[in-house]
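Q: Residue-level listing of the chains:
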Amino acid sequence: MTTAESSTVRLEGVVKRFNTTTAVDNLNLEIGKGEFFSMLGPSGCGKTTTLRIIAGFEQPDEGSVFLEGRSVENTPPYRRNVNTVFQSYALFEHLNVWDNVAFGLRRKKVPEMEIRKRVGDMLELVRLKQKATSKPRQLSGGQQQRVALGRALVNLPAVLLLDEPLGALDLQLRKQMQIELKEIQRTVGITFIYVTHDQEEALTMSDRIAVMNEGLLQQCGSPEEIYERPANAFVAGFIGISNLLSGEVQDHGVRLKTGQVIPATIDAGIAAGENVFVCVRPEKLRLGPKVDGQVSVEGTVVETVYLGTATQYMVELAPGLRLVAIENNVHTATSDRRLARGSKVSIGWLPEHGRVLRS
Amino acid sequence: MSERPQVLRAGSAVIEQPRIAAPAAQTSSITTGRRRPPRGFDRPRFLPMVTALVFIYLFAPILVVTWFSFNSKQSLNVFGTPSLKWYDQLIHDPIITGSLFASVEIALVTMVVSTVIGTLLAFGLVRARSRFSRPTDILMLLNLVSPEVVTGVALLLVFSEAGGFLLQFGIQFGLSLTTVVLGHITFSIAYVTIIVRGRLAALNREVEEAALDLGATNVGAMRLVTLPLLWPAIIASGLLVFVMSFDDFITSYFTTGVGVEPLPLRIYSMIHFGVTPEINAVGTLMMVMTIAIVLAALALFTRQQNARQELAFLAE
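First to last, the sequence lines map onto chains A and B. Following the working numbering, the numbering of the first sequence begins with 1 at its first residue and continues without gaps. Following the working numbering, the numbering of the second sequence begins with 1 at its first residue and continues without gaps.
One thing to keep in mind: the hints can contain errors.
Claimed, not checked - Okay, the calculated bits of chain A under chain B, using three or more residues with CB under 8 Å as the criterion:
#1 237-245
#2 255-263
Said to hold, decoys possible - A few chain A residues facing chain B, derived, Cβ under 7 Å:
#3 PHE18
#4 PRO77
#5 ASN232
#6 PHE234
#7 TYR306
#8 THR309
Stated by the list, open to error - Anything over 10 Å on all C-beta distances counts as not near chain B; from chain A, calculated:
#9 PRO42
#10 GLU124
#11 ALA152
By construction, these hints were calculated from the structure, which means they are not laboratory data. Everything numeric in this text was worked out from a predicted model, so none of it was measured. Where a beta carbon is used, it is the ideal one built from N, C-alpha and C, also for glycine.
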């Protein structure tokens, strides 16, 4: 654990139960100042509950929450230096854009002159200066989203909590807003805690990602760590496409169902005879004759999918044991250069790209 | 949100315009700017006639009353010349004006008291996660559907029992305009609760959380966010209660004491001595007041489009 000053949010052993289900189970997190931190997981994994605990809308059953080094156990939401961008935006329909954004500052009795300046600057930042007198329902989805963002950010909170803020937008607008959000975060330097179920969104925007499932923290690390070195089969399967080849640990390798033993690095905690998965990312696979120093397996192409920039092959090693390989369309730009269905092929990868995960 | 289906569409409610227009009609709609189905297509000719007949059936009696209230003659079937003489006679009749003011007073007090109680009950039913919510809900609806004659008689019995009981302590409590108000409140609360509850249930909880998140206390969130969003429903339900109390007969009949009668009772007693054109004038005045209030409620709703669901209830 680092010192208290450097972390903006710290969760220690937080547990939250609803009736019989445990929404959040013994969660420990430490989020630094100015960090863009994402919480990623399927719906019901406890990420939104965690956010609501930090905001103060839910009380943890066990454990404690620290904001800027201080425990906030009995602090109501309106006294926490934290603001939220809600999934539904939750704009005040009866107030115009300006009054929506000024709401927080007025509650804090900020002088009217300063309010005018800060709200004006904020509307500039979120590009809504012209819409100041519009009511929320006169705005498009993307504009409403920016009002919600401005309304929270104008208070300059220690932490901004975002609950799937782009979930309601269409794909193109979402891509654009991802870039804008990241830029705004860099400009204001405020800690963002970003809840999403979209792994691509988390990978592109975050400094660090916490992957959650069924209330439990699965892995916490940089996008690269999460993608390249997934801690377990859930993380490997949830983020990106993964090939999970089941097998059994042998000395210095894994025996696949085909009987072949492939070399792999086995972590110290995994004993011989254990059932494991070998996880390899599709873009790490190389189709073609065996090269020295590579792991190589033989199979039959069962599906070829042209993706534009790349070609995706589905290769069957044995019944029920398949690999997905992705090859950039450099030499295979024309169809006669690509492998047809039914062709025999060998697939190779570097031993360090195959991660052995407990099943 | 803007694509919410309109629940009540004035005028066009009876004849449904065909949605699909022929290509020819569509091109013409670009030039004229109006979408109009081609003649004789998917639109039986007799429909407008049926509609007209229904409207005549609905409004003819009201029109007759209004028309004859301007009659110079005493007759109810021969029209002389247009005249305001019955209105003149009406406003110089202290008994009728007394009844009118009594009715307005009853309706106003009933409106204020039952709006407050009904709104609080709506909050309780929607927000309190209590095991009493469901039974309370059912009791409230029971009150709404129970025959008014029965509740009227019951109220009469309760008030006379209460009068006898209070007399032991030297307190006079007889049937009066106060008991009429108490009676009206009993049937009005449910209407307010149903209308406000609908709006409250549709209210996104996150909006109130956003207010708390932005530094408003619980009371502040209620004052600055929840109530402003509920106002149209609260006011509309209040106006509905006003109208219902204003023309209520049955409950008033059982709970009025001696002295000034509410207007509907007054009209009823007048009829005992024959229908006079003066009654036509009173009826016309009551109708104008009621329609004005309903129009005010409608205007409130159209301004707050989100509250349209409640109109479905008003329309029933």
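Q: Each hint needs a verdict: does it hold in this structure or not?
A: Checked hints:
Check result for the segment 237-245 of chain A against chain B: violated, 0 residues qualifying (beta carbon to beta carbon below 8 Å, three or more required). With a threshold of 8 Å between beta carbons, the proposed coverage of the segment 255-263 of chain A by chain B is violated, since 0 of its residues qualify and at least three are required. Interface hint at PHE18 of chain A: violated, since its Cβ lies 13 Å from the closest Cβ of chain B, which is beyond the 7 Å cut-off. Of the supplied interface hints, the one on PRO77 of chain A holds, with its beta-carbon coming within about 4 Å of a beta-carbon of chain B, less than 7 Å.
For ASN232 of chain A, the suggested interface contact is broken, since its CB lies about 33 Å from the closest CB of chain B, more than 7 Å. Hint status for PHE234 of chain A relative to chain B: violated, with the closest Cβ pair at about 30 Å, above 7 Å. Among the interface hints, the one on TYR306 of chain A is violated; its C-beta lies about 39 Å from the nearest C-beta in chain B, farther than the 7 Å criterion. Taking 7 Å as the C-beta contact cut-off toward chain B, the hint placing THR309 of chain A at the interface is violated, the least distance being around 38 Å.
With a minimum CB-CB distance of about 21 Å to chain B, PRO42 of chain A clears the 10 Å threshold, and the non-interface call stands. With a closest Cβ-Cβ approach of about 20 Å to chain B, GLU124 of chain A is found to remain outside the 10 Å limit, as its non-interface label requires. Non-interface status of ALA152 of chain A relative to chain B is broken: a Cβ of that chain comes within 10 Å, the nearest being about 8 Å off.
In summary, the numbered hints that this structure violates are 1, 2, 3, 5, 6, 7, 8 and 11.
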